[in-house]
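Asker: Fit chain B to the supplied structure of chain A, relying on the hints for placement.
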Amino acid sequence: QQQVKQSPQSLIVQKGGISIINCAYENTAFDYFPWYQQFPGKGPALLIAIRPDVSEKKEGRFTISFNKSAKQFSLHIMDSQPGDSATYFCAASIGTGRRALTFGSGTRLQVQP
Amino acid sequence: DGGITQSPKYLFRKEGQNVTLSCEQNLNHDAMYWYRQDPGQGLRLIYYSQIVNDFQKGDIAEGYSVSREKKESFPLTVTSAQKNPTAFYLCASRLLQGARNTGELFFGEGSRLTVL
Chain A
1 QQQVKQSPQS LIVQKGGISI INCAYENTAF DYFPWYQQFP GKGPALLIAI RPDVSEKKEG
61 RFTISFNKSA KQFSLHIMDS QPGDSATYFC AASIGTGRRA LTFGSGTRLQ VQP
Chain B
114 DGGITQSPKY LFRKEGQNVT LSCEQNLNHD AMYWYRQDPG QGLRLIYYSQ IVNDFQKGDI
174 AEGYSVSREK KESFPLTVTS AQKNPTAFYL CASRLLQGAR NTGELFFGEG SRLTVL
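Chains A and B are the protein sequences, given in the same order.
For the first sequence, position 12 matches number 12 in this note's numbering, and the numbering has no gaps at all.
For the second sequence, position 104 matches number 217 in this note's numbering, and the numbering has no gaps at all.
Bound-form chain A, shown alone (with noise of 0.2 angstroms):
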């Protein structure tokens, strides 16, 4: 059963522009919400991370975007530079304790210089 449902597959965008990634939920008990970036051959990493009390958290070029009622979140990167080629995962979970993480299918996102 896949509970998160994380698209495009796959992203090319052109240096400068705006990358966005989608995710959706299936299980309303979440409440935790982070972002992993994964370079190739090495770990996953956190991005940046949201609960379900905002609509909006931003960290830099990174914004997380959050619409409770429709069970969707999403990640812009905006003015993506050619480093910010990567995998991206959305994953969510409930609270940030004893419960795992249940992550999307990810995101492949190659930025053109």
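These are computed hints drawn from the structure, not numbers from a lab.
Please read all numbers here as calculations on a predicted model, not as lab measurements.
A few of these clues could be false.
[Unchecked claim] As a list, the in silico DMTMM-like pairs of lysine to aspartate or glutamate whose alpha-carbon atoms are at most 25 angstroms apart: (1) K5/A - E217/B; (2) K71/A - E175/B; (3) K68/A - D151/B; (4) K15/A - D53/A; (5) K5/A - E128/B; (6) K68/A - E217/B; (7) K183/B - E217/B; (8) K15/A - E56/A; (9) K170/B - E185/B; (10) K122/B - E217/B; (11) K170/B - E26/A; (12) K196/B - D151/B; (13) K170/B - D31/A; (14) K5/A - E185/B; (15) K42/A - D172/B; (16) K42/A - E185/B; (17) K71/A - E217/B.
Answerer: Chain B alone, transformed into the frame defined by chain A:
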């Protein structure tokens, strides 16, 4: 430097052989996790452990086994019963309690297993 160390980075196995992947962390994290990564399927949870000498099955535990005899160590054995073991395996850990608990999952650099 604190972190998670996985070994070996690359491993080749013949069909019918068991292999054990090592995962060690010096972050004093409570919980440890094993995920399997396949192209287009994201990260799928194999096993996790919240405390020493206790662990739970994840979504795809069949054909795998784990142990948690020490807080800092969580080895994964891929048994011959695992039908399609070729994959990239990721170990992770996180704090479960305390003021430093942000929910962040810290990952190792992974082990790539290829069955010949």
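Asker: Please go over all the hints and tell whether each is borne out by the structure.
Answerer: Evaluated hints:
no.: 1; hint: K5/A - E217/B; in the structure: holds (21 angstroms)
no.: 2; hint: K71/A - E175/B; in the structure: violated (31 angstroms)
no.: 3; hint: K68/A - D151/B; in the structure: violated (29 angstroms)
no.: 4; hint: K15/A - D53/A; in the structure: violated (33 angstroms)
no.: 5; hint: K5/A - E128/B; in the structure: violated (33 angstroms)
no.: 6; hint: K68/A - E217/B; in the structure: holds (22 angstroms)
no.: 7; hint: K183/B - E217/B; in the structure: holds (21 angstroms)
no.: 8; hint: K15/A - E56/A; in the structure: holds (24 angstroms)
no.: 9; hint: K170/B - E185/B; in the structure: holds (19 angstroms)
no.: 10; hint: K122/B - E217/B; in the structure: holds (23 angstroms)
no.: 11; hint: K170/B - E26/A; in the structure: holds (21 angstroms)
no.: 12; hint: K196/B - D151/B; in the structure: holds (14 angstroms)
no.: 13; hint: K170/B - D31/A; in the structure: holds (22 angstroms)
no.: 14; hint: K5/A - E185/B; in the structure: violated (33 angstroms)
no.: 15; hint: K42/A - D172/B; in the structure: holds (23 angstroms)
no.: 16; hint: K42/A - E185/B; in the structure: holds (21 angstroms)
no.: 17; hint: K71/A - E217/B; in the structure: holds (22 angstroms)
Checked against the numbered hints given earlier, the structure breaks hints 2, 3, 4, 5, 14 and satisfies all the rest.
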